[in-house]
Amino acid sequence: MQLMKQFAVLSALLICISISTSCSRKQAQPPPGAPEVLVTTVTPKDVPRVLERVATLDGFINANINAQVQGYIVSRDYTEGSIVKKGDLLFQIDPRPFQAALAQAKGTLAKDKATQVKADADEKRALDLFNKKVISDQERDSAIAVAGSGRANIQADEAAVEQAELNLAYTRIIAPIDGLAGFAIAQVGDLVGPTTGPLTTVSQIDPIKAVVTAGEGPFTDFVSRHPDATERNVYIKSLDFDLILGNGELYQHKGKFYALDRSLDPKTGSIRYYVTYPNPGNILRPGQFGKVRFVADMKKGA
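What the sequence shown shows, in the working numbering, is residues 5 to 306, in sequence order.
These are computed hints drawn from the structure, not numbers from a lab.
Please note that the accuracy of each hint is not assured.
Only pairs whose alpha carbons sit at most 27 Å apart, straight line, appear in this in silico DSS-like list of lysine-lysine [what the hints assert, rightly or not]: (1) 137 with 122; (2) 260 with 295; (3) 260 with 89; (4) 271 with 295; (5) 241 with 258; (6) 260 with 241.
None of these values were measured; they are calculated from a predicted model.
Please model the entire structure based on the sequences and the hints provided.
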């Protein structure tokens, strides 16, 4: 019993010592310091103002191929959707009626030239006889008139031959430019002429142009920041234009500003401008949509 009391007293003493030591340690710890604050200096700098505009691609030149004489198409001489060269034959109109017309015009010219030989001789003879007082004024004047009329007929005949040759040449419908030839609208056997509309279209696509539209507000704002026309022209031609394709990819070649339309569209309050892009692999085609992105200018001290 006495032993248990001693053990209880000893346990209580150890607990008191432990509590006292713990309190001493807590009192010995230094107070926490103030939290650290990261301080940086903000330096104003110029920030590029990047703009994006929706664009539609179009051929740099789109040549509608029309028939200039009326006739039946006897052959299509190009591959649809292929690249053609200037002067390549695209369609052939039946040349036979035009060959006949040319032959007739040449025959008329030859006949009138032969007739003119006699008329010229009669004119010369009449002048000699008149000077010798052999014939009257009326006879002289008649010979002069016949010769003059014959010369006028020859001029008309020569013009008719030239026109017949031109019409015959028009039966060969050729490409006016290098470019991509579209599908044929007219087919072999069709009767075509100047009023039937395009037979196909040839588009120059290297370079190709992007047709971009800017609102009146951004346009006016740009002009106000660059009031000098010469400086404005130099500046805008120095810009590089990225082209973002319809699948979101960035086109590998940079574009350059080409031209600004002469006026704004009063219905939409916008103005169009062209940006041209190299297109060596014919990757880009007329009618594609994309986005043109460029750094318009720098925002000062942003």
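Problem - Unsatisfied constraints (hint numbers, rising) - result: The structure conflicts with no hint, since it agrees with every one listed earlier.
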